Amino acid sequence: MKLKFNGFLVLLLVLVAQLTFAQERAVSGIVSDNAGMPLPGVSVLVKGTKSGTQTDFDGKFSIKASSSQVLVFSYIGMKTQEIAASSSVINVKLAGDAQELEGVVVTTALGVKREKKSLGYATQEVKGGDLRSGTASGNFLNELSGKVAGVNVRRNTNFGGSTSAISRGVKAINQSNEMLIVIDGMPINNANNTNDGTTAQSRGAQGYDYGNNGMDINPEDIESVNVLKGAAASALYGYLAGNGVLMITTKKGKAKKGLGITVSSEVVTGTPDKSTFLKYQKAYGAGYGGSFGEQDIDGDGNVDLVVAMGDDASVGDPFDSSLNVYQWDAFSNYPGNANYGKATPWVGAKNDPNKFFKSSLSLVNSISFEDANDKTNLVFNYSNTNQTGVLPNSELKKNNFSLKVNHQFTDRLSLSTFANFSNNTTVGRNMTGYSDNLVSGFRQWWQTNVDIKQLEQAYNASGGQNITWNRLSTSNGFPAYWNNPYFDRYKNYQNDSRNRFVGYANFTYKIAEWVSATAKISTDSYSEIREERLAVGSVGKTFGINAFNEMSGYQRYNGNFSEQNYDLLLNFKKNFGEDFNLTGVAGGTVRRNYFNQITASTEGGLIIPGLYSLDNSVSASPYPYERETKTGVNSYFVSASLGYKDMLFLDATSRRDAFSQLPEGNNSLFSNSISGSWVFTKLVNASWLTFGKIRGGYSESPLGTPTLALVDTYEKINSFNGQQQYSVNSVKNNPNLEPIKTKTQELGLEMQFLNRRIGFDLSLYKNVNEGEAIPVPYSTATGVSQRYVNAATIENKGIEVQFNATPFKTNDFAWDITVNWSKNDNTVTALADGVSNLQVGGSYPGGVTLNAVVGQPFGILKGTDYTYAADGQKIVNPSTGRYVINTSTNNVIGDINPDWIGGIRNKFSYKSLSFSFLIDMKKGGDIFSTDQWYGVGTGLTDETAGYNDLGNPMRNTLATGGGIILPGVYADGTPNTTRTAYSTGGAITNAYSNGPRKEYVYDAGFIKLREVNITYTLPSSLVQKMKLVDAKISLIGSNLWIIDKNLPDADPESGLGSNIGSAGLSIGSLPTTRNIGCNLTIKF
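With mature numbering (1 follows the signal peptide of the UniProt record, and there is no 0) as the guide, the letters of the sequence shown map in order to residues -22 to -1, 1 to 1062.
Source of the hints: derived by calculation from the structure; they are not laboratory data. Everything numeric in this text was worked out from a predicted model, so none of it was measured. Be aware that one or more of the hints could be misleading.
[To be verified] Here are the simulated DSS-like pairs of lysine-lysine, each with C-alpha atoms no more than 30 Å apart in a straight line: (1) K901 / K801; (2) K1003 / K71; (3) K235 / K353; (4) K336 / K519; (5) K105 / K229; (6) K552 / K488; (7) K71 / K57.
[Said to hold, decoys possible] Computed Cβ-Cβ distance ranges for the label pairs, DEER-style: (8) V493 / F791: 46 to 52 Å; (9) V50 / W793: 28 to 34 Å; (10) K488 / F554: 16 to 22 Å; (11) D389 / D690: 55 to 61 Å; (12) S66 / V568: 52 to 58 Å; (13) F558 / V616: 17 to 23 Å; (14) A316 / K105: 58 to 64 Å; (15) I777 / A73: 33 to 39 Å; (16) S453 / Y601: 39 to 45 Å; (17) R3 / V568: 52 to 58 Å; (18) S66 / Y614: 54 to 60 Å; (19) A4 / I777: 49 to 55 Å.
For each residue, glycine too, the CB sits at the ideal point set by N, CA and C.
Go ahead and model the full structure; you've got the sequences and the hints to work with.
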């Protein structure tokens, strides 16, 4: 009996041991597609439990399961498989499945997750990895260029400057055209910042571009960006989103492998692109057409030749190395100046201003931690960015901290939180536009005999003194117009800093299986400081809040912004039988905004040089400029989607916004939309057709609110006898104004073939924006000259195409192509009664204006032009040999709108190596180059120093065989044969004041190699030996090659900022940099 008992006990122990072993054993394998390519990111779950994992880059997985359990393998675009865990090694091949392809989920308005097949409007997703495939630009909006059909990204070359993203054309004349940015369902501020309220900057006069607030977003936090292009897609955001929405989904924590720590380091250097340098002529020197000055400098009784140092042009005498002349350095007694008191050879400078620019450098380091279990997932990220620009003394630093935590308290209650803090500091932004911009001086007002490196030596050797080439006279070294450029960069610099917090807490309670309630609190706030300096010894400039001509000074700006949103939502999803389902959301939002700013400055100069304080003012500081706004919006909304047999879908949304700033009783606005889609492949059984859908939609919604045009205000003007004065605004406001009414129609077709090896998404749209508030002429007898009325209407209609293809795919190799292309036609269909033309802002330098013209696209450039014969040839005056100029400034000379925009991305993958590149293109659109207009007129550019048809220098006098015969005809149509002087009145013929502005309007189109990325992922065997989870190294590049452009000596994308008013102007353009770098990412 004892023996039997012992035997039974042994058998029981063996069975228990076997059961324990089965429970604890690891099941591993490789998951691949039908072609044998490893699939990373495949979800592997133990059925009936919360235990799960994901495959790594090589498609490998490992999970603990017993032999009696079942593993579930799922992947977007593939058929889900269930396999018994009966073996410790399981290799799985997942097959593509049309039904799975239909189930792709995207983030829509209010952060609601929807299956893409059910949407009746156009969306396009960009993965976070694709936003980081090029070099770090510091602004995620830049990385959308060429990657989204219908979105025109206007970046610029200003250091730390702003970027705009405009979807489906310009919709407003005086209001923002920017897309709304939303993070996890929370709208955030993306204001564009200048130091003059955009007015002077938009017309190219002056001003700093302080960037747009969207640049505070850390690309490392972004999981994906879903672009909602039309108003039907974004109607649930009401008045905020008439221009479209960029829906950002942030990363969430995943179950960690190893320590869950990821470290990334990136270094990028930018070399100025020489095709964006001004090409200086090397044959003529300083002056406005006259000869050298004559003066006895050395006291020997003989006349010496003196350069016209006060002239900021190069239409002077030809260079002659045998001729010695007294130049600026002969009168500047700084240590080490061997030329002091000496005449030097009259030759072109060895180092032109292009040598002023240096290579930029960007260092980005980040560390993140993530983890997840069945209750909680979290991810923390810290990024540090240090950048230097192409100009001396330019530096940008960023620190970005983010934390996202999701927690499931019970089966019903969950919490999602996100917090982000960023600190940005910048030193040495460059002034934009014409006035006080040293780069404009380089490109428009320079002497080609001046050596830029010698000016650097003079600045350094003198201990930072303003030793300029542009002296008032031989005895007075004060600048006539231009400071020493190094003095400007190191003494007259600005600096700014911004601290920003963005965060939310989102509680969700599952009331029943089909309905849940969400309460969300979110905040977006920042504080900002900007300081501007004008050092003692500088040439006078407009400075300070009274805009006086100051010789020195200090200005300080403090700004604070906060926005709080309180949301309450009911989300529901319920099936009715086997055929019908209803999905929707209803709720409300309470939004409160607050903004204040104060700007103060010195007046009359600084008492103590180098002390930048408001107390250091020679005269009493003027009264500061202050502004404070408080606004509130209460909103209610509902959205419902009815589905039939997972094939037909009908969506409807409605939103009501009540505004604090609108008149009581008339302060509510409504946004409504209806859309539908039909997945017709549910009725088609064809192996070659994977997916097909027709969609369409219509919406009506407001766009923006004309807050500052509703109430009459006073303008601050100069003080008198120490007392501040105010004046009635010259534009009469209107309390009955309404927002723009936007009406949008859209049709679309989505097709995927051959298991998604080839496909396209086609959209046709029409967008009408009615009744924008614009200022129109008003009787001056009332004391004002203009009044705001709802009058302007702009129409946009166009086509967007997304195309994808995988031409080749084997076990080891794949080639993927993505194409984005769009064409938008824009028309101003109405202005006010009796008004057919509205000039936008003031004139650009050069007298060119940007206009809204009835019957024409918004953005018509007007200015002086040639006169033309019937066959289009330019008419020449036979007595002068010069063109007959149409001096009217009302001539249409350009249109800023591109004919089309597009991008082509190719990606090649071979085992652990990938290579991708992006070609970004824009066809057409016009731009006026003030740099060329002035640069040619003042004799700087190389085209002004050529030879004529006789083989003689063009600048020679007519008597010595110079001059040119301009191409064209006389009024009677006979060819021009009259020779004319190339240089007239101290400026080049047909340029500056002598020529029409039309000559300097160029096609702004381009083709660019925008991005290149080569990434190698280390083999898992090597990674494991290094005790790592994953490691990859990337060679990255951006803006590597401007393949084609028409604008000479500048990048067509160079600009003054993202304000639409400056879209047609190139002035003071910084060179574009070709950026090349390396990124190393390691997971522990």
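Against the structure, the hints:
1. A hinted pair counts as satisfied when its Cα atoms are at most 30 Å apart, and K901 with K801 qualifies at roughly 10 Å.
2. Between K1003 and K71 the alpha-carbon distance is near 28 Å, which keeps this suggested pair within the 30 Å criterion.
3. At roughly 17 Å between alpha-carbon atoms, K235 and K353 fall within 30 Å of each other, so this suggested pair holds.
4. Distance restraint check for K336 and K519: the Cα-Cα separation of roughly 27 Å lies within the 30 Å cut-off, and the hinted pair is therefore satisfied.
5. Among the hinted pairs, K105 with K229 is consistent with the structure: their alpha-carbon atoms are about 11 Å apart, no more than 30 Å.
6. For the proposed pair K552 and K488, the alpha carbon gap of about 13 Å is at most 30 Å, so the pair holds.
7. The hinted pair formed by K71 and K57 meets the criterion: a straight-line CA distance of about 10 Å does not exceed 30 Å.
8. One distance hint, 46 to 52 Å for the beta-carbon pair V493 and F791, holds here, with the actual separation near 49 Å.
9. Distance hint for V50 and W793: a CB-CB separation of about 31 Å, consistent with the stated range 28 to 34 Å.
10. K488 and F554 have their C-beta atoms about 20 Å apart, which keeps the hinted 16 to 22 Å range intact.
11. One distance hint, 55 to 61 Å for the beta-carbon pair D389 and D690, holds here, with the actual separation near 58 Å.
12. Under the hint 52 to 58 Å, the C-beta atoms of S66 and V568, about 57 Å apart, fit the expected range.
13. About 19 Å separates the C-beta atoms of F558 and V616, a value consistent with the hinted range of 17 to 23 Å.
14. Checked against the hint of 58 to 64 Å, the pair A316 and K105 passes, with Cβ atoms roughly 60 Å apart.
15. Take I777 and A73: their Cβ atoms lie about 35 Å apart, and the range 33 to 39 Å holds.
16. For S453 and Y601, the hinted distance range of 39 to 45 Å is satisfied, since their beta carbons lie about 41 Å from each other.
17. Evaluation of the 52 to 58 Å hint for R3 and V568 yields a pass: the beta carbon distance comes to about 55 Å.
18. About 57 Å separates the C-beta atoms of S66 and Y614, a value consistent with the hinted range of 54 to 60 Å.
19. For the pair A4 and I777, the beta carbons lie near 54 Å from each other, so the given range of 49 to 55 Å is met.
In summary, this structure violates none of the numbered hints.
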